[in-house]
Amino acid sequence: MKNAFVTGSSRGIGHGIALALADKGFNVAVNGLSESDAMADTCTAIEAKGVRAVKVPGDVSNPENHAALLDRAEDLLGGPLCALVNNAGVGPLRKADILETEADSWDHVMEKNAKAVFFLTQTFANRLLARERSADLPWTITNITSVSAFASSIDKAEYCVSKAAAGMVTKAFAQRLAPEGIQVFDIQPGIIETDLSRPVLETYGKMIEDHGITLVPRFGQPDEVGKAAAAAANGEMPYCVGQAIRPDGGLTLQRL
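Once you know that position 26 of the sequence shown is 6 in this note's numbering, the rest is easy, because the numbers rise by one and skip nothing.
There could be a bad hint or two in this list.
Restricting the straight-line Cα-Cα distance to at most 35 Å, the calculated cross-link-like pairs of lysine-lysine (DSBU-like) are [unchecked claim]: (1) LYS29 to LYS75; (2) LYS151 to LYS92; (3) LYS75 to LYS4; (4) LYS4 to LYS151; (5) LYS207 to LYS92; (6) LYS35 to LYS186; (7) LYS92 to LYS29; (8) LYS186 to LYS207; (9) LYS92 to LYS186; (10) LYS207 to LYS29; (11) LYS4 to LYS92; (12) LYS75 to LYS92; (13) LYS35 to LYS207; (14) LYS4 to LYS207; (15) LYS29 to LYS4; (16) LYS75 to LYS35; (17) LYS35 to LYS151; (18) LYS151 to LYS75; (19) LYS95 to LYS35.
Each pair of labels, with its calculated beta carbon distance range [to be verified]: (20) ALA224 to LEU176: 18 to 24 Å; (21) ASP135 to LEU195: 36 to 42 Å; (22) ALA28 to THR103: 27 to 33 Å; (23) GLN155 to LEU117: 20 to 26 Å; (24) LEU195 to ASP55: 43 to 49 Å; (25) ASP39 to GLN155: 27 to 33 Å; (26) LEU109 to MET217: 33 to 39 Å.
If you're looking for bench data, these hints aren't it; they were derived computationally from the structure. It should be emphasised that the depicted structure is a prediction, and the values quoted were computed from it without experimental measurement. Where is the CB? At the ideal position from N, CA and C, for every residue including glycine.
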């Protein structure tokens, strides 16, 4: 029985990941800050694929919640988790030139995009290592960061730093855990069409149309990120360690 816990999975990219995992035969623990219609809808869509879905609301940005959230997921699913997807994240409190970035916005993104990923990964990894492994189950941790881990933006520099930090979380844990049979991946999405990205889609759409900033001339979709994350979570790249995978339509491909 393959069980996955996906943070921030009631909508957007997390919703796409949860459905893609269901397509791979995973039962999914769906997480958000609180129970919502969106969470219920995600669970219904997962169960329509013939697997189980459970609601595990809670704030993953607080490390003190991590053990209880994982316990709750395993209790409701009726078995141990084998895959964690760290998808929950936030943007800066406000966009501002890097010379005017304020400490509260820095703390906001670093706490939720980097610190939370580090300590939930740590808690989950220790949980895996404390038990005997089933040979037919993947043990994986997949972190959803952003192309902003690679490409800088001076009007949201603190966000870029937080995503780069999460990318290093992937590398450090991959180095430690690969010998233990646990794979850790970094998925770095580009411009993905979601409710949260809607305010900037007009601007990016014009850049795609007029300047070809993506080689695939459209926005990405949550299910396309989901397919990449699900392949990683399902152990389909067994000789890859700490790799960054970019579903970005060629946005970050270096060109002449």
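Open item on the list: Please verify whether LYS29 and LYS75 have alpha carbons no more than 35 Å apart.
Closed with: 40 Å, violated
Open item on the list: Given the hint of 27 to 33 Å, is the C-beta distance from ALA28 to THR103 inside that range or not?
Closed with: 31 Å, holds
TODO: Take the C-alpha atoms of LYS92 and LYS186, compute the straight-line distance between them, and say whether it is at most 35 Å.
DONE: 31 Å, holds
- [ ] Determine whether the Cβ-Cβ distance between GLN155 and LEU117 falls within the hinted range of 20 to 26 Å.
- [x] For LEU117 against GLN155, whose Cβ atoms are near 22 Å apart, the range 20 to 26 Å holds.
Open item on the list: Hint check: LYS92 vs LYS29, CA-CA at most 35 Å. Holds or violated?
Closed with: Between LYS92 and LYS29 the Cα gap is close to 31 Å, so the pair holds against 35 Å.
Open item on the list: Just to be careful, I want the Cα atoms of LYS29 and LYS4 compared with a cutoff of 35 Å; is the pair within it?
Closed with: 10 Å, holds
Task: Pair hint LYS35 and LYS207, alpha-carbon separation not exceeding 35 Å - done: 22 Å, holds
Task: Satisfaction of the hinted span 18 to 24 Å by the C-beta atoms belonging to ALA224 and LEU176 - done: Given about 22 Å between the Cβ atoms, the range holds.
Open item on the list: Run the distance test for LYS4 versus LYS151: straight-line Cα separation, threshold 35 Å.
Closed with: 25 Å, holds
Open item on the list: Taking 43 to 49 Å as the stated bounds, is the beta-carbon spacing between LEU195 and ASP55 within them?
Closed with: The hinted range 43 to 49 Å holds for LEU195 and ASP55, with Cβ atoms some 45 Å apart.
Open item on the list: Need the status of pair LYS207, LYS92: alpha-carbon distance at most 35 Å?
Closed with: Status holds; Cα separation ~24 Å.
- [ ] Sort out whether LYS207 lies within 35 Å of LYS186, counting only the CA atoms.
- [x] Holds. LYS186 to LYS207 sits at ~27 Å (cutoff 35 Å).
Going down the numbered hints, you'll see the structure goes against 1, 3, 6, 21 and 26, while the others check out.
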